[in-house]
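J.: Now for the letters of each chain:
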Amino acid sequence: MGTCGIAAGAKETMNAFIEELDKRGFSSVIVKQTGCMGACKLEPTVEIIMPDMPNIIYGKVSPKVAKDIVEKHILNKQLLDGHILDKPAIDIIKG
Amino acid sequence: MHYSLADMISDLAANSFEAMAEVVILDIFEYEDSIEIYIADNGQGMSLEELNKCLDVDFTKDKHLRPIGLGLAFMKQMVQTAGGIFKIDSEVGMGTSIFVKFNKNNLDTPPKGDFVNMLVAMFNSAGEYEIRVNFHKDNQIKSISKKEVIASLGELNTVLSLKIFKDYLLKNNF
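Each protein sequence line maps, in turn, to chains A and B. Following this note's numbering, the numbering of the first sequence begins with 9 at its first residue and continues without gaps. Following this note's numbering, the numbering of the second sequence begins with 96 at its first residue and continues without gaps.
If you are wondering where the hints come from, they were derived from the structure by calculation, not from laboratory data. It cannot be assumed that every hint is accurate.
[Stated by the list, open to error] Using 35 Å as the maximum straight-line C-alpha spacing, the simulated DSBU-like pairs for lysine-lysine come out as follows:
#1 A:49 x B:207
#2 B:199 x A:72
#3 A:68 x B:199
#4 B:237 x A:72
#5 A:68 x B:261
#6 B:171 x A:68
#7 B:182 x A:49
#8 B:242 x A:40
#9 A:31 x A:75
#10 B:242 x A:75
#11 A:75 x B:258
#12 A:40 x B:237
#13 B:148 x A:75
#14 B:242 x A:72
#15 B:171 x A:49
#16 B:261 x A:85
#17 B:266 x A:31
#18 A:80 x B:261
#19 B:241 x A:31
#20 B:266 x A:72
#21 A:49 x B:199
#22 A:40 x B:266
#23 B:148 x A:68
#24 B:237 x A:31
#25 B:196 x A:49
#26 A:68 x B:241
#27 B:199 x A:40
#28 A:72 x B:258
#29 B:196 x A:68
#30 A:40 x B:241
#31 A:80 x B:258
#32 B:241 x A:80
#33 B:241 x A:72
#34 A:49 x B:241
#35 A:68 x B:258
#36 B:241 x A:75
#37 A:40 x B:182
#38 A:85 x B:199
If we strip away everything but chain B, and leave its shape as in the complex, we get (with noise of 0.2 Å):
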């Protein structure tokens, strides 16, 4: 199993997918010490219940496609290994955010890992919603809409419209 930043992030936004969110801010920091990864959405939310199991992998909201639960599970463990920091609230009706913090010197931080096609996955996902990412470096932002691309490309659903994109992420070193 591999398990890098790059897929904690797909996944956590996988979440806020699934949560019906007609709109995902993903925001990641990056120092030279630290990195952090802040994702909010406007899906269904979680009530205070649901958000005191949402770590535990035998906890789901699609019990009907599957018996357990392991993005958050993930996250928290690798959370936890490498001696990071991370926050969630939800609230019903309102959506989640969810914070996170890596210290970048610590050996059990997970690999960046491929931030490309992570991105081509996000933005290519079933459903109707908006995702805006900014990545944050060197006092410099670097943003990149689902919006904006389809404006420029179309639907990123085909073989060359999922190629241009790509070419575009690795041209503007994302």
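One chain only, chain A, in its complex shape (with noise of 0.2 Å):
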């Protein structure tokens, strides 16, 4: 995490995420921390790689959102709106 990520509360966007996940029973999702990436305005910001989703930025990854992102694009495998900062353009996602 850079300071920036840190100063808006990326260590309680992680715990969330591993809390979450651990109680879904996804105990081998990996889970990694980076550094800053320069939008330090929309911190805290998560990247969701995946098979069958396309590799998307999450901005302003709250604690709340980052439960939202558990349910809604690892579990049943659909983007949340209102908060992607980086997509693949509509016309390489399939389906």
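Hints are included, so try docking the two chains, each in its own frame, into the full complex.
T.: This is how it looks when you write it as structure tokens:
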């Protein structure tokens, strides 16, 4: 985490992901923290990489949004609108 | 914005990781009236010119990622506001060491914060490095290193391993 992420609450967000994923039995999911990527005002930011879904970076991920991402994106394979920072162009997203 | 001592320490450690340190040693000394933090690494280090500028918000060694560097500037602000002490030393090719001291009785000293989640995040950072964290209190030392934890749990990157590590820290009052 960079200073911006820490100040924006990224530790709590990371903790929320770990707790929620553990609660739902996703114990083998890899969680890795990184540094500042330059989008400081949008921290905490989280990138989700998983099969069958495009790689997505979410911004302003609070602990509550983290739980929503686990339920909607990871469990139900649906994008969580309102927090998407970066995703592939629409014509290359399948389904 | 919230910024505790644990947040400040996380930030200082992140600087060490970004400086490609292979070894980071963190000592936290808690006394009745004060708390002292000492962090040293064998990362890239800074030249005298960089050392003189490193506390400025405009200075960062990662200009390709971000235009400013806030961590050391925040540390400086926290220390000055709380009447604390800080010292920073660095040499190119040798590494960097930072000493910070806060008076616990000063109202402006930030709260200690969440050391458990600080350790989870610190031990989970990207990169090949060893970190040892020593907590000194009441003439006793509680010590933990990333190498020892990985030897017990394997790589600290899955939800399960992070959860087990966190539960261990909570059980042992870190």
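J.: Evaluate each hint against the coordinates.
T.: Each hint, compared with the structure:
1. A:49 x B:207: holds, 25 Å
2. B:199 x A:72: holds, 33 Å
3. A:68 x B:199: holds, 33 Å
4. B:237 x A:72: With Cα atoms ~34 Å apart, residue 237 (chain B) and residue 72 (chain A) stay inside 35 Å; holds.
5. A:68 x B:261: At roughly 25 Å apart (the allowed maximum being 35 Å), residue 261 (chain B) and residue 68 (chain A) satisfy the hint.
6. B:171 x A:68: holds, 27 Å
7. B:182 x A:49: Measuring from Cα to Cα gives roughly 30 Å; hence the hint holds.
8. B:242 x A:40: holds, 17 Å
9. A:31 x A:75: Judged against 35 Å, a Cα distance of about 11 Å means the pair holds.
10. B:242 x A:75: holds, 31 Å
11. A:75 x B:258: The given pair, whose Cα atoms are some 16 Å apart, holds under the 35 Å limit.
12. A:40 x B:237: Holds. Residue 40 (chain A) to residue 237 (chain B) sits at ~26 Å (cutoff 35 Å).
13. B:148 x A:75: violated, 41 Å
14. B:242 x A:72: holds, 33 Å
15. B:171 x A:49: holds, 22 Å
16. B:261 x A:85: With a Cα-Cα distance of about 28 Å, the restraint between residue 261 (chain B) and residue 85 (chain A) holds, given a limit of 35 Å.
17. B:266 x A:31: holds, 19 Å
18. A:80 x B:261: holds, 26 Å
19. B:241 x A:31: holds, 25 Å
20. B:266 x A:72: holds, 26 Å
21. A:49 x B:199: holds, 32 Å
22. A:40 x B:266: holds, 23 Å
23. B:148 x A:68: Roughly 31 Å separates the two Cα atoms, so the pair holds.
24. B:237 x A:31: Holds - the C-alpha atoms of residue 31 (chain A) and residue 237 (chain B) are around 30 Å apart, at most 35 Å.
25. B:196 x A:49: holds, 30 Å
26. A:68 x B:241: Holds, at roughly 30 Å.
27. B:199 x A:40: holds, 33 Å
28. A:72 x B:258: Holds - the C-alpha atoms of residue 258 (chain B) and residue 72 (chain A) are around 19 Å apart, at most 35 Å.
29. B:196 x A:68: holds, 33 Å
30. A:40 x B:241: OK: residue 40 (chain A) and residue 241 (chain B) at ~15 Å, within 35 Å.
31. A:80 x B:258: The hint holds at about 22 Å.
32. B:241 x A:80: Holds, because 33 Å separates the two Cα atoms, which is no more than 35 Å.
33. B:241 x A:72: Roughly 30 Å separates the two Cα atoms, so the pair holds.
34. A:49 x B:241: holds, 31 Å
35. A:68 x B:258: It holds: about 24 Å lies between the C-alpha atoms, which stays within 35 Å.
36. B:241 x A:75: Roughly 28 Å between the alpha carbons, so the hint for residue 241 (chain B) and residue 75 (chain A) holds.
37. A:40 x B:182: At roughly 31 Å apart (the allowed maximum being 35 Å), residue 182 (chain B) and residue 40 (chain A) satisfy the hint.
38. A:85 x B:199: violated, 48 Å
Against the hints set out earlier in the document, violations occur for numbers 13, 38.
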